[in-house]
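2 protein chains.
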Amino acid sequence: MYKNLIKNVVIVGGTHGNEFTGVYLAKYWLKNPNMVQRRGFNTNIIFANQKAFKEVRRYIDRDLNRSCSLSILSKNADSHEAKLAHHLNTLIGPKDNHQENADFVVDLHTTTSNMGISLVISNQNELTWLAASYLSEEFPDLKIYRWQGDEEGAFVDSLGADGFAIEVGAIPQGVLRSDIYKQTEEIVYKLLDFLENPSDTNRTVNVYDHVTLVDFPRDNDGEIIAMIHPQRQDNDFKLIQSGDPMFLSFEGQIIVYEGSESLYGLFINEAAYYEKGFAMCLARKIEYSF
Amino acid sequence: MYKNLIKNVVIVGGTHGNEFTGVYLAKYWLKNPNMVQRRGFNTNIIFANQKAFKEVRRYIDRDLNRSCSLSILSKNADSHEAKLAHHLNTLIGPKDNHQENADFVVDLHTTTSNMGISLVISNQNELTWLAASYLSEEFPDLKIYRWQGDEEGAFVDSLGADGFAIEVGAIPQGVLRSDIYKQTEEIVYKLLDFLENPSDTNRTVNVYDHVTLVDFPRDNDGEIIAMIHPQRQDNDFKLIQSGDPMFLSFEGQIIVYEGSESLYGLFINEAAYYEKGFAMCLARKIEYSF
Chain L
1 MYKNLIKNVV IVGGTHGNEF TGVYLAKYWL KNPNMVQRRG FNTNIIFANQ
51 KAFKEVRRYI DRDLNRSCSL SILSKNADSH EAKLAHHLNT LIGPKDNHQE
101 NADFVVDLHT TTSNMGISLV ISNQNELTWL AASYLSEEFP DLKIYRWQGD
151 EEGAFVDSLG ADGFAIEVGA IPQGVLRSDI YKQTEEIVYK LLDFLENPSD
201 TNRTVNVYDH VTLVDFPRDN DGEIIAMIHP QRQDNDFKLI QSGDPMFLSF
251 EGQIIVYEGS ESLYGLFINE AAYYEKGFAM CLARKIEYSF
Chain C
1001 MYKNLIKNVV IVGGTHGNEF TGVYLAKYWL KNPNMVQRRG FNTNIIFANQ
1051 KAFKEVRRYI DRDLNRSCSL SILSKNADSH EAKLAHHLNT LIGPKDNHQE
1101 NADFVVDLHT TTSNMGISLV ISNQNELTWL AASYLSEEFP DLKIYRWQGD
1151 EEGAFVDSLG ADGFAIEVGA IPQGVLRSDI YKQTEEIVYK LLDFLENPSD
1201 TNRTVNVYDH VTLVDFPRDN DGEIIAMIHP QRQDNDFKLI QSGDPMFLSF
1251 EGQIIVYEGS ESLYGLFINE AAYYEKGFAM CLARKIEYSF
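Line by line, the protein sequences are chains L and C. Everything in the first sequence is counted per the numbering used here, starting at 1 for the first residue and increasing by one. Everything in the second sequence is counted per the numbering used here, starting at 1001 for the first residue and increasing by one.
Hints listed in this document are in silico derivations from the structure and should not be mistaken for laboratory results. Among the hints, a few may not be true.
[What the hints assert, rightly or not] The list that follows gives simulated cross-link-like pairs (lysine-lysine, DSS-like), each with its CA atoms no further than 25 Å apart:
id: 1; chain 1: C; residue 1: 1054; chain 2: L; residue 2: 54
id: 2; chain 1: C; residue 1: 1051; chain 2: L; residue 2: 276
id: 3; chain 1: L; residue 1: 54; chain 2: C; residue 2: 1051
id: 4; chain 1: L; residue 1: 276; chain 2: C; residue 2: 1054
id: 5; chain 1: L; residue 1: 276; chain 2: L; residue 2: 238
All figures in this text were calculated on a predicted structure; none of them were measured in a lab.
So here's chain L without its partners, still in its complex pose (with noise of 0.2 Å):
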């Protein structure tokens, strides 16, 4: 059985400026703290990038959530963003000395691809997964995702101890949706009620497990000449395979998949990622123990 000893929560929301939804709720918590306030913790909110928000944009010299690692907390901070990592250090972290202020940090994000309400889950602690195999039982649609892409070490919520990223769509950048909203706020509500109330859950879940990135295809100088095909678009956690459409170009060609094992596709279509230079990620379905 777990044993609970948290003291401290925090709910990051506005780690990217444009992506509203957290920005919102974070906002309505800061002025409403009872909403999330539970016997036997404190919980804190943080407003993350607020310069990035009044500018509309996902960050303004580099992405927050590639900036928390030890190799930028490390050194003096040379941008918006580092600096901001560096304050979230001492807010929640200081990171991996495992006695960090925060014990659970959850970190609200949306996404442009259509991937419903999923968890980002990159470690491997045990009150993170008892807290992701609870909410997967609370919300049958709930898909978890192990991130091991780019920088996992980097993202906010590996300041703390325990942790994950909400991530929930499909929603354009710089809008707010009562439906998205909503979904997010009962989320973070039912997270609340565990992490009050431990319990054992099941210790086997269904995982999507990070296996590669996939680009756009592009030519010699960089430029996109094939869109996601209409058969991936919207197609997110469904299964790829060989022959499988995955790009149609400009002009009308059909690019298919010819990787050997079947994968499913995520973040499809993510706005954010075409400059990072992924127009999909691929994973394999697993029973994930923990």
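Position chain C relative to chain L; hints supplied.
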């Protein structure tokens, strides 16, 4: 019978740097000009705001599609977009001198609102409306919005003699969708076919005629306190009657429409309009004869 005197057609993409459909169509046609050439006139492609596209933003300093007014064109350009407007005016205009370089301008836009395929028209010229009428026959789902909301005289398409904007959605900013790309491409090809052989189409068309703009409910600090109600979200071009839900506050309170005249909601929850201070447009459905 309409007499065809068209010599120059201009297709503008990337007026807004984060509306990728027009950007990539412009890039494609610049490389493949034969796709848009027709007998009897020249077709010129303009990729308008390349700097904003590189930064994946609507604009750098100010909205280019609100910068093509005579007042801005008559004084020195003091911003990136004012400079672009001056440059476009040399290519397309000069504005309002009745000897413009472009006889017809079509400006390609997308929206996060569920506008489907729609035209936004701000002039009363015969060829503009003949073309719109033709396209509404070719595309039964196509809607025509006569926009007289804010600064219609400052639109890019107002620089030429005739023309309109094409708005297609719903699509997030900073994203390509093959369905929306193909729809937009097809409309342009049909428009060019029409301009090659203008026919005397039906001179009465259904039009959504602009009535007013509705802002989000806000507190005394100007902060948004309610979201688009789920019954309004994605329901562009649907009738709104007195008592119908309009907004849902973060506390769950429903704010209803209190107007005495039933009107149609358009551009509901367009990301770019949060900063402009409106949540949707309201329009009257009329039979417009020209």
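To see whether the hints hold, each was checked on the structure:
1. C:1054 with L:54: holds, 20 Å
2. C:1051 with L:276: At roughly 18 Å apart (the allowed maximum being 25 Å), residue 276 of chain L and residue 1051 of chain C satisfy the hint.
3. L:54 with C:1051: Distance ~21 Å between residue 54 of chain L and residue 1051 of chain C Cα, so the pair holds.
4. L:276 with C:1054: The hint holds at about 13 Å.
5. L:276 with L:238: holds, 23 Å
Violated hints for the displayed structure: none, as all numbered hints are satisfied.
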